[in-house]
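Peer 1: Assemble chain B onto chain A, guided by the hints.
Respectively, the protein sequence lines represent chains A and B.
Heads up, the first sequence is in my numbering, so the first residue is 1 and it goes up one at a time.
Heads up, the second sequence is in my numbering, so the first residue is 1 and it goes up one at a time.
Be aware that a few hints might be false.
[What the hints assert, rightly or not] Straight-line alpha carbon distances no greater than 16 angstroms define the calculated EDC-like cross-link-like pairs of lysine to aspartate or glutamate that follow:
#, chain 1, residue 1, chain 2, residue 2
1, B, K262, A, D215
2, B, K10, B, E74
3, A, K268, A, E253
4, B, K262, A, E261
5, A, K202, A, D224
6, A, K268, B, D225
7, A, K268, B, D201
8, B, K10, B, D309
9, A, K268, B, E200
10, B, K269, A, E200
11, A, K126, A, E136
12, A, K265, B, E242
13, B, K262, A, D263
14, A, K265, B, D225
15, A, K8, A, E80
16, A, K202, B, E267
17, B, K139, A, E274
18, A, K8, A, E175
19, A, K265, B, E246
20, B, K262, A, E241
21, B, K262, A, D224
22, A, K265, B, D247
[What the hints assert, rightly or not] A short, non-exhaustive set of chain A residues, derived as facing chain B with CB atoms under 10 angstroms:
#, residue
23, G158
24, V188
25, Q193
26, I194
27, N196
28, H214
29, D215
30, R220
31, L222
32, V240
33, E241
34, V254
35, R266
36, E276
37, I277
Read the hints as simulated data drawn from the structure, not as lab findings.
What you are looking at is a predicted structure, and each value in this text was computed from that prediction instead of being measured.
Beta carbons are placed, not taken as given, at the ideal position from N, Cα and C, and that holds for glycine.
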Amino acid sequence: MNATPLLKVHNLSKVFPVKVGILGKIIGGVRAVDRVTFDVQSGEIFGLVGESGCGKTTLGRMLLRLIEPSGGSVVFDGEEITAMDRKQLRPFRRRMQIVFQDPFGSLNPRKTVGSIVGEPLRIAGKSAGEVASEVEELLRTVGLPEVSSSRYPHEFSGGQRQRIGVARSLILRPEFLLADEPVSALDVSIQAQILNLLMELKEHFSLTMLFISHDLRVIRSLCDTVAVMYLGRLVEVGPVEKVYTNPVHPYTEVLTQSIPEPDPKRRKKTHGPEGEIPSPSSPPPGCHFHTRCSLRIDRCFEQVPELSERGEGRRVACHVR
Amino acid sequence: MTAQPLLEIKDLETRFMTEAGILRAVDGVSFSLGRGEILGLVGESGCGKSMTALSIMRLVPPPGTIVSGQILLEGRDLLTMSREEIRLLRGDRVSMVFQEPMSALNPVFTVGDQVAEILRVHRGVSSGTAMDTAISLLKRVGIPDPDRRIKEYPHQMSGGMQQRALIAMAVACEPDVLIADEPTTALDVTVQAQILRLIEDLIQENNSGALLITHDLGVVAEITDRVCVMYAGAIVEMSSVESLFEDPQHPYTIGLIESLPKPGRREFKAIQGAVPDLVNLPGGCRFHPRCPRARQICLEKEPDLAGSDIREVRCYFPGQDHTNRKRAV
Chain A
1 MNATPLLKVH
11 NLSKVFPVKV
21 GILGKIIGGV
31 RAVDRVTFDV
41 QSGEIFGLVG
51 ESGCGKTTLG
61 RMLLRLIEPS
71 GGSVVFDGEE
81 ITAMDRKQLR
91 PFRRRMQIVF
101 QDPFGSLNPR
111 KTVGSIVGEP
121 LRIAGKSAGE
131 VASEVEELLR
141 TVGLPEVSSS
151 RYPHEFSGGQ
161 RQRIGVARSL
171 ILRPEFLLAD
181 EPVSALDVSI
191 QAQILNLLME
201 LKEHFSLTML
211 FISHDLRVIR
221 SLCDTVAVMY
231 LGRLVEVGPV
241 EKVYTNPVHP
251 YTEVLTQSIP
261 EPDPKRRKKT
271 HGPEGEIPSP
281 SSPPPGCHFH
291 TRCSLRIDRC
301 FEQVPELSER
311 GEGRRVACHV
321 R
Chain B
1 MTAQPLLEIK
11 DLETRFMTEA
21 GILRAVDGVS
31 FSLGRGEILG
41 LVGESGCGKS
51 MTALSIMRLV
61 PPPGTIVSGQ
71 ILLEGRDLLT
81 MSREEIRLLR
91 GDRVSMVFQE
101 PMSALNPVFT
111 VGDQVAEILR
121 VHRGVSSGTA
131 MDTAISLLKR
141 VGIPDPDRRI
151 KEYPHQMSGG
161 MQQRALIAMA
171 VACEPDVLIA
181 DEPTTALDVT
191 VQAQILRLIE
201 DLIQENNSGA
211 LLITHDLGVV
221 AEITDRVCVM
231 YAGAIVEMSS
241 VESLFEDPQH
251 PYTIGLIESL
261 PKPGRREFKA
271 IQGAVPDLVN
281 LPGGCRFHPR
291 CPRARQICLE
301 KEPDLAGSDI
311 REVRCYFPGQ
321 DHTNRKRAV
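Pulled out of the complex, with its shape left as it was, chain A reads as follows (with noise of 0.2 angstroms):
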């Protein structure tokens, strides 16, 4: 791993307008990705981590700009691809990818996968023959049997469907791959599968990953690194043992002690945090977390904390600790 951050996000927000009535009047703004500053290492598995809600999807979907962000920005190997244009845009869009969720709505059911799989090639202005054998190629590569690209995507079950998203996410040889909760519709035995997948194509395409999940299992036995992000913020972000071993963050210590343990002499005796999460459309002011903190004092009231350094690659945004 080199030192050089192929990713860097500054101060990266999303506000979606919050509307009424038949003209659509503006009335104030739901602020889903608030002020979010990190950097990906080139080479690395950076994981992302928060419940539902909580702005991760928006934020990956941010750095490809597939959501026009509000505020901040986005440096790809040096470049700063939130100012560019379209046009400019385009040669980037090559080398940072996504794979979707959901095997069964990304894929068009009207197409063979050889033409989903292929058409990123077809638009950059390859033959049909150079297509054809690409495509070969990478089917083979993710564990697809050959003649699956004259079949449709029905004919395959869900666990081969990733595959065949997976395979069109790397079709273009890209550099950066984002996995937005890529096997959260898979059941277990399927989901071992998936990211063993993801663990040879990293090695075999030298991929940077930003993996995002609510799966705090799978975020630990994949992830270099690990943001955590409750309302919009990150609270914490450092390296994956020491996050979970040690975690500062009052909620980062809650949501890694909820985690089922598939251990019965290791049950827990407790009732979990307090509360529930406060609605994304009305955060609660000061630190976002208060409303559930055993830690707070009168400044998380009022007060937001920033990330600040804690030594050891770790940035916690705390009052308390």
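Peer 2: Chain B in isolation, oriented as in the chain A frame:
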């Protein structure tokens, strides 16, 4: 087990007549549930765990039918009861919590109305009394500010609160059997812990029994006493939760446990292949096409679920070290 079990399922078969043929969703399932016990039914999608639950509730959707078997609630067979008898039983002695609280609650009635309705129907109490009981039920399941919350509609509540309201409805009549089908799958992990604890407490308090259906082995380990592992419509292993994780016997169970991500190990042990088509089940053992230890006998004849009362397994070559051990056929 000497005394009569609370709930006993015997050779349950539920089938769906599809265009492609007969789909054996539940293919000869037997198990029992005692008072104070939480029994886990674990397996992957399509293994028949939810259909088993719906069969117990006599809620199998068409074109599915229960073709044979017995479902005995303290000795009375639910399958021979009339529709009316079953209707009176549901929500009273046997009740169910579903996975998606938002689709299980009626959006046009307040949460209070929905909890109170159960009490009015099954207990015949007045609306006023029912509302008072509803408030104390919401309080019991951990909904803060229940006096105000009973006037809210489901959409005004978070997923965790909706699930609590659904549990309040399910336990309103203190049922003997609570069936929870993936009750925490739609919830976040910090809320999941709270809900599991709540179910555990309610079962202890009422001395009832629960059937917990889940695909998550973490949830199984966290809350159940005994476990049935299901694969392609049949139980392949039945065991106490401790022995299941300590010394799994069926190759499928072993595969499931090994496929869980382990900290600091970037290697995921997968089970090869995919779940079979339930219309065209493989001959012999239904797991043999994916089984690393399958031999000739496994292709020819399906093994029985055999063993002691406390531990049963459907395999000719069970156990972690199976190489020199073959069970008597």
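Peer 1: Work down the list of hints and note, for each, if the structure agrees.
Peer 2: Here's how the hints hold up against the structure:
no. : hint                : in the structure
1   : K262(B) <-> D215(A) : holds, 12 angstroms
2   : K10(B) <-> E74(B)   : holds, 13 angstroms
3   : K268(A) <-> E253(A) : holds, 14 angstroms
4   : K262(B) <-> E261(A) : holds, 11 angstroms
5   : K202(A) <-> D224(A) : holds, 13 angstroms
6   : K268(A) <-> D225(B) : holds, 15 angstroms
7   : K268(A) <-> D201(B) : holds, 14 angstroms
8   : K10(B) <-> D309(B)  : holds, 15 angstroms
9   : K268(A) <-> E200(B) : holds, 12 angstroms
10  : K269(B) <-> E200(A) : holds, 14 angstroms
11  : K126(A) <-> E136(A) : holds, 15 angstroms
12  : K265(A) <-> E242(B) : holds, 7 angstroms
13  : K262(B) <-> D263(A) : holds, 12 angstroms
14  : K265(A) <-> D225(B) : holds, 12 angstroms
15  : K8(A) <-> E80(A)    : holds, 9 angstroms
16  : K202(A) <-> E267(B) : holds, 13 angstroms
17  : K139(B) <-> E274(A) : holds, 15 angstroms
18  : K8(A) <-> E175(A)   : holds, 15 angstroms
19  : K265(A) <-> E246(B) : holds, 10 angstroms
20  : K262(B) <-> E241(A) : holds, 12 angstroms
21  : K262(B) <-> D224(A) : holds, 14 angstroms
22  : K265(A) <-> D247(B) : holds, 13 angstroms
23  : G158                : holds, 8 angstroms
24  : V188                : holds, 5 angstroms
25  : Q193                : holds, 4 angstroms
26  : I194                : holds, 8 angstroms
27  : N196                : holds, 5 angstroms
28  : H214                : holds, 7 angstroms
29  : D215                : holds, 8 angstroms
30  : R220                : holds, 5 angstroms
31  : L222                : holds, 7 angstroms
32  : V240                : holds, 9 angstroms
33  : E241                : holds, 6 angstroms
34  : V254                : holds, 6 angstroms
35  : R266                : holds, 8 angstroms
36  : E276                : holds, 5 angstroms
37  : I277                : holds, 6 angstroms
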